[in-house]
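Engineer: Each chain is listed here by its residues.
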Amino acid sequence: MSLQPRGIDLIWLLLMLITLASSLLAESDTSNLFLVMVIAASVTFKGRMVIDRFMELENANPLIRSWMNAYFYVIPVLIVMVHAFPGQLAQWTRLN
Amino acid sequence: MIGAISLFSATGSRVWRDLAPDPVAGRTPGNMAIWVAIFSEMSEFAIMFIVYFLAKVHFPDTFSDGPVRLNTLAGTINTLTLLSSSYFVAKSVKSVRMNRITTATRWLWLAVAAGGVYLLVKYWEYQWNIAQGIGIDTDLFFTIYYYLTFNHFLHVGWASGALLWGIWRLKSGHYRQDDHEGLETIASYWHMIDLAWIVMFPLLYVLH
Numbered sequence: 002m003s004l005q006p007r008g009i010d011l012i013w014l015l016l017m018l019i020t021l022a023s024s025l026l027a028e029s030d031t032s033n034l035f036l037v038m039v040i041a042a043s044v045t046f047k048g049r050m051v052i053d054r055f056m057e058l059e060n061a062n063p064l065i066r067s068w069m070n071a072y073f074y075v076i077p078v079l080i081v082m083v084h085a086f087p088g089q090l091a092q093w094t095r096l097n
Numbered sequence: 199m200i201g202a203i204s205l206f207s208a209t210g211s212r213v214w215r216d217l218a219p220d221p222v223a224g225r226t227p228g229n230m231a232i233w234v235a236i237f238s239e240m241s242e243f244a245i246m247f248i249v250y251f252l253a254k255v256h257f258p259d260t261f262s263d264g265p266v267r268l269n270t271l272a273g274t275i276n277t278l279t280l281l282s283s284s285y286f287v288a289k290s291v292k293s294v295r296m297n298r299i300t301t302a303t304r305w306l307w308l309a310v311a312a313g314g315v316y317l318l319v320k321y322w323e324y325q326w327n328i329a330q331g332i333g334i335d336t337d338l339f340f341t342i343y344y345y346l347t348f349n350h351f352l353h354v355g356w357a358s359g360a361l362l363w364g365i366w367r368l369k370s371g372h373y374r375q376d377d378h379e380g381l382e383t384i385a386s387y388w389h390m391i392d393l394a395w396i397v398m399f400p401l402l403y404v405l406h
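Going line by line, the protein sequences match chains A and B. For the first sequence, this note's numbering gives the first residue as 2, with consecutive numbering after it. For the second sequence, this note's numbering gives the first residue as 199, with consecutive numbering after it.
It is possible that part of the hints are untrue.
[Stated by the list, open to error] On the chain A side, residues computed to face chain B include the following (Cβ under 10 Å):
#1 Ile-12
#2 Met-17
#3 Ser-23
#4 Ala-27
#5 Gly-48
#6 Ile-52
#7 Met-56
#8 Asn-97
[To be verified] So the derived list for chain A, only partly shown, Cβ under 7 Å to chain B, looks like this:
#9 Leu-14
#10 Leu-15
#11 Ser-32
#12 Asn-33
#13 Val-51
#14 Ala-61
#15 Ile-76
#16 Leu-79
#17 Val-81
#18 Pro-87
Because the hints were derived from the structure by calculation, they are not lab data. Glycine included, each C-beta is placed from N, C-alpha and C at the ideal position.
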């Protein structure tokens, strides 16, 4: 039996590599918006893989699956927004 | 069918082999109670992440300097460890579906070991922080860092206990090929803890 692309072993390997790449990025200027977007995308990918393949929600109840997946789209979008528009967001969330 | 590495192959010669089928389409692993718990916990972490985002836009310099002062290696080791633990737990569930109870138990022991490594590394990291003069009241970034990571630390601790419970249930014959919802429940909770860390790692260690 050969390794198929959807096997969880391959996904584990990918998750390891992405984590190591993120760690290397930590040594560079991660205030750069492009790098922030790359890191946010890696959060989405890692979250989706764990949810779909390790947690086995790929074919589960659509409501549970979609809420879990939404988490890993909303949080990464917030990560990008916080870096792209910090001044504007600070102004909107000021109490006085 | 899924191709996979069999670390515990009975023959020792077949590295790649078939694995169990995925759950029936439309079926959600675990019981409904654990999904209530998982969504509650994910909401709790989401609130903490929103606090982090709000604090970051109001104190950008503090949140730019904070991650640089943390031990990135410790954060990386713990990320690799937790992701691997999730993989071990997933392998355990798949092994039970193939009626390989001994193999499933071994995968679960590996997951417990990974949880232990995570806790030890986090303890060492806290000690390292103290040696660097970093404490919970150093600045707002570290207050949030300690609140998030200690909260997560506790989750890993008690979920490791749940994994041990799963091992005992496996060994005592309570989980079988056709009846292992309890193991799926423990697995789902453990994956949730991994998911929270997937967000925490870049926020605390990577993004400046």
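Engineer: Compare the structure with each hint and give your call.
Structural biologist: Verification of the supplied hints:
Hint on Ile-12/A holds. Least Cβ distance to chain B is approximately 8 Å, under the 10 Å limit. Among the interface hints, the one on Met-17/A holds; its C-beta lies about 6 Å from the nearest C-beta in chain B, closer than the 10 Å criterion. For the restraint placing Ser-23/A at the interface with chain B, the shortest Cβ-Cβ distance is roughly 5 Å, inside the 10 Å limit, so the hint holds. Below 10 Å, beta-carbon pairs count as interface contacts, and Ala-27/A has one with chain B at about 4 Å; its hint therefore holds.
Annotation: Gly-48/A was flagged as interfacial toward chain B, and the flag holds, the nearest CB pair being 5 Å apart, inside 10 Å. Because the closest C-beta pair between Ile-52/A and chain B is about 7 Å apart, less than 10 Å, the hint holds. With a cut of 10 Å, the hint placing Met-56/A at the interface with chain B holds, because the nearest CB-to-CB distance is about 4 Å. Interface restraint check: Asn-97/A against chain B, minimum CB-CB distance 12 Å, threshold 10 Å, status violated.
Because the closest C-beta pair between Leu-14/A and chain B is about 9 Å apart, greater than 7 Å, the hint is violated. For Leu-15/A, the interface hint is violated, since its Cβ never comes within 7 Å of a Cβ in chain B; the closest pair sits about 10 Å apart. For Ser-32/A, the suggested interface contact is upheld, since its CB lies about 5 Å from the closest CB of chain B, less than 7 Å. The closest approach between the C-beta of Asn-33/A and any C-beta of chain B is roughly 9 Å, which is over the 7 Å cut-off, so the hint fails.
With 7 Å as the threshold, the beta carbon of Val-51/A comes within range of chain B, its nearest partner Cβ sitting at about 6 Å, so the hint holds. The beta carbon of Ala-61/A is positioned within 7 Å of a beta carbon in chain B (closest approach about 4 Å), and the interface hint is therefore held. The criterion of a C-beta within 7 Å of any C-beta in chain B is met by Ile-76/A, whose closest approach is roughly 5 Å, and the hint holds. At about 6 Å, the closest approach between the beta carbon of Leu-79/A and any beta carbon in chain B falls short of 7 Å, and the interface hint on this residue holds.
Annotation: Val-81/A was flagged as interfacial toward chain B, and the flag is violated, the nearest CB pair being 10 Å apart, outside 7 Å. Hint status for Pro-87/A: holds, given a least beta-carbon distance of 4 Å to chain B, under 7 Å.
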